[in-house]
Structures are given as structure tokens and as C-alpha cells.
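Chains as they are written, first to last, in this note's numbering: chain A, 1 to 398; chain B, 1 to 398; chain C, 1 to 398.
Rather than coming from a laboratory, the hints here were simulated on the basis of the structure. Remember, it's a predicted structure, so these values are computed and weren't measured experimentally. Treat the hints with caution; some may be incorrect.
[What the hints assert, rightly or not] Here chain B is said to cover these stretches of chain C; the calculated rule only asks that three of the stretch's residues, wherever they fall, bring their Cβ under 8 Å from a Cβ of chain B: (1) 27 to 38; (2) 221 to 227.
[Unchecked claim] DSS-like cross-link-like pairs, simulated, lysine-lysine; straight-line CA separation at most 27 Å: (3) Lys27/B <-> Lys280/C; (4) Lys280/B <-> Lys280/C; (5) Lys280/A <-> Lys143/A; (6) Lys27/A <-> Lys255/B; (7) Lys280/A <-> Lys27/C; (8) Lys143/A <-> Lys143/C; (9) Lys27/A <-> Lys280/B; (10) Lys280/A <-> Lys27/B; (11) Lys280/A <-> Lys143/C; (12) Lys27/B <-> Lys143/C; (13) Lys280/C <-> Lys143/C; (14) Lys27/B <-> Lys143/B.
Backbone N, C-alpha and C define an ideal beta-carbon position, used for all residues, glycine too.
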Amino acid sequence: ATDPPTTVAAADVAPTGHTTTVAVTAKDMRYHPDTITVPPGDRLVIELTNDDERRHDLVLANGARTGMVERHGTARLDAGVVGATVEGWCSLPAHRQAGMTLTIVTGAGTHMAADEHGIETVRDATAPTTPAEAVHRVDLHVKEVQIEVAPGVRQLMWTYGGTVPGPVLRGRVGDVFEVTLTNDGTMDHGVDFHAGALAPDQPMRPIDPGESLTYRFTATKAGIWMYHCSTMPMLHHIGNGMYGAVIIDPPDLAKVDHEYVLVQSELYAGADGQVGDLAKMQAEQPDAVMFNGHPNQYAHRPLTATAGDRVRIWVLDAGPNRSSSFHVVGAQFDTVYLEGRRVLGPDDPGGAQVLQLGPASGGYVEAVLPESGHYPFVSHSMVDAERGARGVIEVGPA
Amino acid sequence: ATDPPTTVAAADVAPTGHTTTVAVTAKDMRYHPDTITVPPGDRLVIELTNDDERRHDLVLANGARTGMVERHGTARLDAGVVGATVEGWCSLPAHRQAGMTLTIVTGAGTHMAADEHGIETVRDATAPTTPAEAVHRVDLHVKEVQIEVAPGVRQLMWTYGGTVPGPVLRGRVGDVFEVTLTNDGTMDHGVDFHAGALAPDQPMRPIDPGESLTYRFTATKAGIWMYHCSTMPMLHHIGNGMYGAVIIDPPDLAKVDHEYVLVQSELYAGADGQVGDLAKMQAEQPDAVMFNGHPNQYAHRPLTATAGDRVRIWVLDAGPNRSSSFHVVGAQFDTVYLEGRRVLGPDDPGGAQVLQLGPASGGYVEAVLPESGHYPFVSHSMVDAERGARGVIEVGPA
Amino acid sequence: ATDPPTTVAAADVAPTGHTTTVAVTAKDMRYHPDTITVPPGDRLVIELTNDDERRHDLVLANGARTGMVERHGTARLDAGVVGATVEGWCSLPAHRQAGMTLTIVTGAGTHMAADEHGIETVRDATAPTTPAEAVHRVDLHVKEVQIEVAPGVRQLMWTYGGTVPGPVLRGRVGDVFEVTLTNDGTMDHGVDFHAGALAPDQPMRPIDPGESLTYRFTATKAGIWMYHCSTMPMLHHIGNGMYGAVIIDPPDLAKVDHEYVLVQSELYAGADGQVGDLAKMQAEQPDAVMFNGHPNQYAHRPLTATAGDRVRIWVLDAGPNRSSSFHVVGAQFDTVYLEGRRVLGPDDPGGAQVLQLGPASGGYVEAVLPESGHYPFVSHSMVDAERGARGVIEVGPA
Ligand SMILES: [Cu+2]
Ligand SMILES: [Cu+2]
Ligand SMILES: [Cu+2]
Ligand SMILES: [Cu+2]
Ligand SMILES: [Cu+2]
Ligand SMILES: [Cu+2]
Ligand code: NA
Ligand code: NA
Ligand code: NA
Ligand code: NA
Ligand code: NA
Ligand code: NA
Ligand SMILES: [Zn+2]
Ligand SMILES: [Zn+2]
Ligand SMILES: [Zn+2]
Ligand SMILES: [Zn+2]
Ligand SMILES: [Zn+2]
Ligand SMILES: [Zn+2]
Ligand SMILES: [Zn+2]
Ligand SMILES: [Zn+2]
Ligand SMILES: [Zn+2]
Numbered sequence: 001a002t003d004p005p006t007t008v009a010a011a012d013v014a015p016t017g018h019t020t021t022v023a024v025t026a027k028d029m030r031y032h033p034d035t036i037t038v039p040p041g042d043r044l045v046i047e048l049t050n051d052d053e054r055r056h057d058l059v060l061a062n063g064a065r066t067g068m069v070e071r072h073g074t075a076r077l078d079a080g081v082v083g084a085t086v087e088g089w090c091s092l093p094a095h096r097q098a099g100m101t102l103t104i105v106t107g108a109g110t111h112m113a114a115d116e117h118g119i120e121t122v123r124d125a126t127a128p129t130t131p132a133e134a135v136h137r138v139d140l141h142v143k144e145v146q147i148e149v150a151p152g153v154r155q156l157m158w159t160y161g162g163t164v165p166g167p168v169l170r171g172r173v174g175d176v177f178e179v180t181l182t183n184d185g186t187m188d189h190g191v192d193f194h195a196g197a198l199a200p201d202q203p204m205r206p207i208d209p210g211e212s213l214t215y216r217f218t219a220t221k222a223g224i225w226m227y228h229c230s231t232m233p234m235l236h237h238i239g240n241g242m243y244g245a246v247i248i249d250p251p252d253l254a255k256v257d258h259e260y261v262l263v264q265s266e267l268y269a270g271a272d273g274q275v276g277d278l279a280k281m282q283a284e285q286p287d288a289v290m291f292n293g294h295p296n297q298y299a300h301r302p303l304t305a306t307a308g309d310r311v312r313i314w315v316l317d318a319g320p321n322r323s324s325s326f327h328v329v330g331a332q333f334d335t336v337y338l339e340g341r342r343v344l345g346p347d348d349p350g351g352a353q354v355l356q357l358g359p360a361s362g363g364y365v366e367a368v369l370p371e372s373g374h375y376p377f378v379s380h381s382m383v384d385a386e387r388g389a390r391g392v393i394e395v396g397p398a
Numbered sequence: 001a002t003d004p005p006t007t008v009a010a011a012d013v014a015p016t017g018h019t020t021t022v023a024v025t026a027k028d029m030r031y032h033p034d035t036i037t038v039p040p041g042d043r044l045v046i047e048l049t050n051d052d053e054r055r056h057d058l059v060l061a062n063g064a065r066t067g068m069v070e071r072h073g074t075a076r077l078d079a080g081v082v083g084a085t086v087e088g089w090c091s092l093p094a095h096r097q098a099g100m101t102l103t104i105v106t107g108a109g110t111h112m113a114a115d116e117h118g119i120e121t122v123r124d125a126t127a128p129t130t131p132a133e134a135v136h137r138v139d140l141h142v143k144e145v146q147i148e149v150a151p152g153v154r155q156l157m158w159t160y161g162g163t164v165p166g167p168v169l170r171g172r173v174g175d176v177f178e179v180t181l182t183n184d185g186t187m188d189h190g191v192d193f194h195a196g197a198l199a200p201d202q203p204m205r206p207i208d209p210g211e212s213l214t215y216r217f218t219a220t221k222a223g224i225w226m227y228h229c230s231t232m233p234m235l236h237h238i239g240n241g242m243y244g245a246v247i248i249d250p251p252d253l254a255k256v257d258h259e260y261v262l263v264q265s266e267l268y269a270g271a272d273g274q275v276g277d278l279a280k281m282q283a284e285q286p287d288a289v290m291f292n293g294h295p296n297q298y299a300h301r302p303l304t305a306t307a308g309d310r311v312r313i314w315v316l317d318a319g320p321n322r323s324s325s326f327h328v329v330g331a332q333f334d335t336v337y338l339e340g341r342r343v344l345g346p347d348d349p350g351g352a353q354v355l356q357l358g359p360a361s362g363g364y365v366e367a368v369l370p371e372s373g374h375y376p377f378v379s380h381s382m383v384d385a386e387r388g389a390r391g392v393i394e395v396g397p398a
Numbered sequence: 001a002t003d004p005p006t007t008v009a010a011a012d013v014a015p016t017g018h019t020t021t022v023a024v025t026a027k028d029m030r031y032h033p034d035t036i037t038v039p040p041g042d043r044l045v046i047e048l049t050n051d052d053e054r055r056h057d058l059v060l061a062n063g064a065r066t067g068m069v070e071r072h073g074t075a076r077l078d079a080g081v082v083g084a085t086v087e088g089w090c091s092l093p094a095h096r097q098a099g100m101t102l103t104i105v106t107g108a109g110t111h112m113a114a115d116e117h118g119i120e121t122v123r124d125a126t127a128p129t130t131p132a133e134a135v136h137r138v139d140l141h142v143k144e145v146q147i148e149v150a151p152g153v154r155q156l157m158w159t160y161g162g163t164v165p166g167p168v169l170r171g172r173v174g175d176v177f178e179v180t181l182t183n184d185g186t187m188d189h190g191v192d193f194h195a196g197a198l199a200p201d202q203p204m205r206p207i208d209p210g211e212s213l214t215y216r217f218t219a220t221k222a223g224i225w226m227y228h229c230s231t232m233p234m235l236h237h238i239g240n241g242m243y244g245a246v247i248i249d250p251p252d253l254a255k256v257d258h259e260y261v262l263v264q265s266e267l268y269a270g271a272d273g274q275v276g277d278l279a280k281m282q283a284e285q286p287d288a289v290m291f292n293g294h295p296n297q298y299a300h301r302p303l304t305a306t307a308g309d310r311v312r313i314w315v316l317d318a319g320p321n322r323s324s325s326f327h328v329v330g331a332q333f334d335t336v337y338l339e340g341r342r343v344l345g346p347d348d349p350g351g352a353q354v355l356q357l358g359p360a361s362g363g364y365v366e367a368v369l370p371e372s373g374h375y376p377f378v379s380h381s382m383v384d385a386e387r388g389a390r391g392v393i394e395v396g397p398a
């Protein structure tokens, strides 16, 4: 729909003869990605998809523009040969000011859309099924690994099993968990399972790199329980990725159509490729708040359901510091379970809009999603939603 | 009780021959107003009323003073002809240091006491009665309007219907709400009603200026539900005034003597007359925390009741960011309803001092106010009470 | 195990011929004390006890070192004659970076280990027994006193009875409390008892220094209720120490083996020996978060129990500003009472890991501590645990 601009971005760049094509999505008043790196001299073509609920366009400072793109519409923009930084924006009233901007920069290598990275590492939020056996043997290795925690941001995370959060464990009241913890890292680590009651002295002791310990507990009480590193300062070890959830099913837990687990936590980014910034944790200045370890990941790769489905979402607030006001847009919780008790059921005339959680508390909510569409979920502490504590449940037709 | 000072505030001002008289109230260790603007050359007379629970006086830097004023006493102070700024304070030990100060400045126009402005715009906190009809047709216009959000502070607020919060809607379980939203503003706005369950895609879509949409939902569950703008960034739209409450009566809701609604929210002031400051919202640095859109308004114009009355207060925490610890001084809640369930009733031997709410949650509390007097209410997160999340219930004799 | 260093810390100090001996404990990745003051010219001997769950050593910058010290091991280090500041640290990987450091400075007087000071003033957390009488006459004197609120930090605290928090009062539903409040301070103070319902006007009025008032209330509802100063700004008066708890027993309260009371609050330190810093309170930047008025005190002097004991802990969040996520490591709460209602009992299949409290709310939790060992308790808002909201329950063999 647009002609290539007659003026290229910089006259003094030697055209390479190559074309870089980048897919850009407009959604939630943002372009994704919002920074595009092009080898200097490449021609850039942007394929814009408007996945937002209103119209947008894309205008570049060099004069190229898409024209208006309707909801779910697409447009192709030839940006010309790029030799220098070029700014872009949506020309609708207030959209640019609201942050709907994009920057094209030149640099080595071809563009890897940030969201595509994200998609590679999206965490499956489906709750594990409850295993049949009454004794759960779990091999848990502490690994210090580089993780792309947010588009373009790599951190040296301390993890259980290489992922943040660690694996979701599940069982029934009375089950025994026999966890072998092995420290494959470079410093002391340990683990504290809230799901069991025992003297912390031995099982929760931090162990040296290369060592193992066996942590055996009986799950005598139902709930969704946090586990996390027991090494001081715990603020740093939890803040740098060492947490996870254990679900012990209440005896009367009904079957539902979809069952998900979301662990909310904060990201306090350190220098690129380094561990999280303890000073930011102490100052309570998170860079992101997220579900299952990655800000906004389920906004790009939604949870799924079918119209009419009853969906259960287990939510654990791993903190280390912030509370959660968990909410699903378009849904009302008719069932709420909080810290070991069901506080609301479908027969109650009342419903809940929020599951309120403090750090290290958890529960589940249930809702029937009445029709097909996109149901965002957030921490309704809005500053945290903006930081990345957001996702979407995509509900297909029945 | 005082003689006019022999030295006027500034010798070089031409007396106008006019007298400006200003009523000042001492209350809660503060003078109200605490800034008085007088046309240069006017004689200033201050009529001081001590509405505090202890004695105060008022001393001016030019030597004028009231003498001690007992509780509920009054005094008249002739400040002389005012030609320059004059400071005033209470001379009792520690009162000045605690902030009991006042400033007289010269300026154009006569004084308009800040509190008198506030009184003009005080929001009626009385809960609307539940309409008889089962279908509620609501015409909701988004208006971007100048509002005096705090004494002397004007902001360009984004509103539902011209007020912050928007109107309180009310109905019964099973009722239908048919809301026609019209965007009379200059940018996209929308609405999200927590009170209904539906696919957000169409009804919650942001609409362009000049457009309308119809949002139809059935209220299948009881509670006090938030509504708010659905345009991104929601932090900005909620933070700038776009929120309100829908009450869906629980089936067994008893009649009480007085029923009020308080919506707690934060103010993040932008430049004078401009929209709220998004950066402050992101940094979680509110300028005020308030009930029904105006800090301290019910400290000056109390809610009312009669001794022995049972009072119900619905409270919704609209955030966007902060929790509430709602408390009524002198009262104990014998009935508490939180997020769709009654968690405490008059027959329970226990009582509650606080209704704990996270952003986007709500409920109600009930108390019998046993005798006549003044019962302050606050968010007992004291920093927020000081920021304006305070008011008073004035209880008259039975 | 170590030889005295051949080079003393500073060549130009005249040896006194005296030896200062200081006991240092390694625990939780910290040395206690972590600052040692030695008269210049004294020889310093450090007796190191490793009370941590892993190995540590202590290396000084002047070359003295302990060698590795196993868990529960001890070592003696001759630091030589000290004439200037000497740094020390643990040489194990990452321990120094994690904060395991110590500083020796020269100064007047001999060293008084900070923890020893703390121990002198540790607050007994045992809940008072419920007195038999139905009328409780309480003599409450407001005292403005110097308190060592944290090791080495003295503050002029405003107190009820000379301690922070004030005394724990206890009674039954229907009991009458007749409190005589006397203001022995230098400014207005008052009191607000959440435990009673009455018009605040007279009983809660601030009174002048030297005055008394009688505050009479009937405890008609069970719970753990806050009391605090009623003088404005309350943020300052609560933030500077004027708070306490009243327990009104629920009628069905079972006997347990140990019953404790923990009041969580924040410390906003002012200048040394001065009152707390109101600006820090307004900025929500606490220096410490603590149980019963002293950060970490029960980490050094644990609460006690015996294996198999049922322990009840009453917790009140006095704020003034922060919420609590109260948790006991190694324990699961099978019984939870929150704001006047029991929400979980031993027969429920679910358990709770956290008691979530907002400012001015309270409740109790119960757990059976299954075996001997050390069970830390924290606010699981980890930044607050690091600030001092931590302690330990030491459980001995049955
Ligand atoms: Cu746009
Ligand atoms: Cu760890
Ligand atoms: Cu005064
Ligand atoms: Cu809006
Ligand atoms: Cu060490
Ligand atoms: Cu006080
Ligand atoms: Na535990
Ligand atoms: Na997410
Ligand atoms: Na909704
Ligand atoms: Na107010
Ligand atoms: Na009270
Ligand atoms: Na403590
Ligand atoms: Zn994206
Ligand atoms: Zn670790
Ligand atoms: Zn919402
Ligand atoms: Zn005022
Ligand atoms: Zn809007
Ligand atoms: Zn209070
Ligand atoms: Zn210590
Ligand atoms: Zn006071
Ligand atoms: Zn924990």
C-alpha cells in the first residue's frame, strides 16, 4: 500500500543489495519489536500486522508510511536502504505520545525480533497432572544459567533445573516427596519446601558446590506451596530465580476443563549477563513483574480455552517483595481457594474479581469463560501489569 | 481579644481602606486554610475557630496574636494592613514544629479559602438505592475536564460523566446493565466492567473520540465491582480518574440506617491544569490518597449518622497501585463482606478493625456507632491517611 | 590455630600492654558484631564461634587468619596491636561479596558487642495469661525515653510505659478496661484502643504534658487489637514507638503448649539519640522492620518450644505503613485466626504458609513443631526479613 521512500535514510551508505524483512505487530498501543536492527546498507521491509483492537499506522521519519491499518489488517512498508537511525510512530492522535514508537538502527547481523526469542522460551503454564504414585522422587539440580529474562535482557540466573521458576511439583495429601538436591552451581545453595513440616536445620542447610542432600517430607496439608533457596541473603536468591511451586491437591478438587499455574515474581536486572541487582531488590525497584519468569510472555503466546470451559488457575506469589491482585479481564471468579481453604464456591451468590496474595502465599481461582475472545489477566496493581504481569487467555469457539 | 498590631506588615504599601476577613479553623494540628491571599494594602482580619481537641493560638510574625483559644472557642485577630508575606504559627510547645503554621501572602483578588472550594465540590458518599427495574440503561459519557482535585490543585482529569470517581451503579443479581459509552474526549477511551462476565474483545475495545458503543452485561454475581478505562496504558487512565463502582446486592442484604460508598484511589498530580503524571504512577509516588476523588474531603464535610445507628460502608480500592487498610476510629466492624462473601457477622464473637483491600478489590463493613461524636475513618496505612485517605463520620445524639 | 601477625596494623601506635578480647559469631553469612572498637594500642583477640550451617573463616587485612572453622566450631585469632582500621572477611567463595565482612576500628573505651546490648533488652514474647478479673485497671504512662533500637542505634522513642511496643493487655469478651493514661512526656499524646467501641472525642483526645485521662471501654468483640497514639500526625507517633496490642480471647480459645505475641513494625531512624525521621516515614523508607521493637532480636535469643508442641503466635501488624506475610520456616499453620474469625482449623485438609496482614490488622496462627531444631520466622516479604523482621523458634527434644 506504500511506495518506497525516494530519500533513503542516509545518502552515504553503500547499498548491500540485500533486503531485511521484519514482521512487526501493533498491539496494546505498542509495536513489537520496537527496535529493529538492520545491517547498514540493507533495504528494510516491514510487514506490519495490526493485532490491536483499534486502527494504527506506521510512519517513518524518512517519509515512508503504511497508510491506515484496520484491526487484524496487515500492510507492507518499504523503508528503503537504511544507513542511519530512523524513528517511526503511529500518526493517530495521541498514539505517538502514548509510546507507540519504533526505532530502526543499523548494526551487525540480521534482526532477531525480540518477541521471537521470547516465543522460543515460553513456559508451558499447564498444570501438571497429579501422578498416581504416593512417593515422589525428584532430582533437583541447581544450575546457574544465562536466561533471556526479557526481550534483549540476559541474566545469570540461579535456578532449580535450569528454568525460572523451577518445576511445578504435584501430589496428594499424605504423599511423600523425596527430593535429591544437587548443587551444580558455583556457590552455596539450598532449598526450603513450604509444603512440608520439619526441622529446617538439616534438609534446608545450604550445600557447597558439587554436594547433594536428600530432603524428604510428607505433604500433610493441601495448598499451593512455595519452595525457594534457603541460602542467605534469601532476598538475593529468590530475587535471582530460585523459587517454584508445589501443589498438594485438596481432597475434593473437582476436574475442570483447563488447569494452569502462574507464579508471579519480580525481576531486578543486574548488568547484562550478570546476576540480579541486590541493591534494586533492597530498594524495591523491580524492572519487571512477571508470570512464570518472563514478562508479558502470555500476552504473545496466550493460554487457551474453549468457550464455556471452566478454567482453574493456581497462582503463587513468589515475591520476593510484592503483593498480587490477580484478575482475569472479562471473567468473574465463582470459586476461590486461598492458603488452604476454599473461600468461595459456585453456589455462592457472590463472586470475586481479585485473588489477593502477599509474598509466599497462593491459591486458585476458577471461572467459566462464557464466549470466545481474548481475556487478559493481570496483577491489577496496575504498575505491575505495566511492568509485565500480564497475559491473555485466548478462548476459541465451542 | 487582641489589639491590632502597631507595626503593619510592610510600611511601603498604600492602604486600600478595605478589610479582608478570613475564617480560619484550627483542626488536627493544622490551620485551614493555611495560605491566605490578601490584596496588597487590605487590612486582614482572621476569625479563628478552634475545632480541635486541644488548645491552640495564632501568633503572627508582625506581633499580632489571638491569645489562647480553648476547644470549640473562637478569637478574632486584626493582622493590620498587609503589604508583604507574613508567617503565622501556634505558640504551644511543638505545635509549630509539627506543622501548625500559616502564611499570609499578597495577591490579586480576594481570598477564596481552599476548604470552601472543596466544600463546593464535595462528593455525596451516600450509596444509591437499588432501582426497582431489572434492566438498567446507563448513558456514560467520557469527559476530559478540569477538576480541583485538592485545594488549589487543578488537573485535566479523564472521567466518566465529569466526576471522579464515575457514578456508582447498583442492581441485583440477575439484572441486566445496558451501558452506552460515548467518547466526548480527545483520545481513545473504553470501559471494563468487572461486574459482568463476557469476552472483552468488543465491549471493552477503546473507541475513538466522537464514537459510541453499547456494553451489555448480566450481573450474575454479587459484590462491589470496579469499572475503569480499558485503554492502554491503563495505569495512566485509571490514575487520571477513569474508575467507578458497581454494587450488586447480595440476596440477603439487610437494611441499615446509613449506607455509604467510598472509593479509595491515588492522585499523581501533573503540571497545574494538565493530566496526571505517568512517571509518578510508574514510580509509585502518589501526591495524595483519597476517598471519592478528593483528599480529606470528608474530614471537612463529614458523613453523618445518629447514635445507635448501624452504618454500612462499601469500600472499593480502585488503586491503581496501593492497598487499603480501611478502619473507622472508635468503631469495631461486626460485619464484613469481602470479594463476594460475608466473612463476619454480628453473631460472631470476633470483630474486625480493618478491611484489607488490594487494588481492584472491594467489600463492605458494618458497625453500630454507639454514641454521638466524631468517628474518623482512614486507611490505616498511616502514610496514606496523612496523604488524604481520611474522613469523619459525625454522629449526632439519638 | 593461628600465629599472631608479624606486622601490626599500624606501626606508629604506642602499645598499651592491654589485650581486648571480643567474641564474634558467624551466623547467617554475617559476623556478629561486624564492627569492633578497640582502644588504640590494645592487642585484639577475636574468639570466633561458627554458629552457621556451613564453614567459614576470618581473614584480616593484616594477614591474621583463623583457618577454616567447621559448623559449631570455634577459633581464636590474635589480631596483633591495633593502631588503625583493619578490615576482615570470610575467604570462602562469594562470602565476602555476600557481605561477610567485619571492621576493626580504634576508639575510646572497650568494645561492647552490639548483640550483647541487644540481649540485655530482649523483649519477652510470651503472651500474658488472661487475668481472672473482669475489670482491668491499667496505669499507662507515656514516656519519652532513649532506647537502643538496633545495635548501636539510639533513638528518643515515644512510648507507652517505657517500652516499644507498649504492654500487651489481655482479657475476655465482656471485660471492662479502665485505662488511666498519664502524659509524662514533653508534648501532647493520647491513645486510641481499637479494642473498644466508643466516641473518640473525649477518651482519644490528646492531652498535655502532666495531664491524665481515664479511658474506659468494654471489650465486646474478640481479636487482637491495636492501640496507638491519637496525636496528629499519627504517622509520626506510631512510627516513633507508640503502639501496642490488646488480646481479647475468642470464647473457644484452646489451650496450647506455648503462646507468643509478635508485633511487627517499622523503624525510621532519625539522628542518633533523636526522634524518628518523619520524612523517611512519608517516603516509606524504613531502616528496619522488626518484631517487638527490635530488629533480629529473636534470631539471637530465640523463642522456645519442645518437639511436638503446639505453638500459637499472635501477630499484630502495627505498621505504620507496611504489610506482613508472616511465615514460620519448617512449619505449616493448621490453624489461622484473622481479624475476628477463625479461617482454618486442624480438621481442614488445607494448611497455610502465610498470615497476610495489612497495617492495623492481626490474628494468630498455630502449628505443631514436629521435631527439635531451629525454625526461623519472617515476614516473607523478603526485603523486610532482611531489614530485621526475622527471628527463630528453638525447639528442644521432647
Ligand atoms: Cu496507533
Ligand atoms: Cu539460592
Ligand atoms: Cu496548637
Ligand atoms: Cu481511559
Ligand atoms: Cu563464610
Ligand atoms: Cu503519640
Ligand atoms: Na517450610
Ligand atoms: Na507474563
Ligand atoms: Na471484567
Ligand atoms: Na477523603
Ligand atoms: Na478504635
Ligand atoms: Na525480631
Ligand atoms: Zn512484545
Ligand atoms: Zn544460593
Ligand atoms: Zn480491571
Ligand atoms: Zn482543610
Ligand atoms: Zn482513555
Ligand atoms: Zn488506629
Ligand atoms: Zn547480631
Ligand atoms: Zn504523641
Ligand atoms: Zn519461605
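Violated constraints from the hint list, given by number and in increasing order
1, 6, 8, 10, 11, 14
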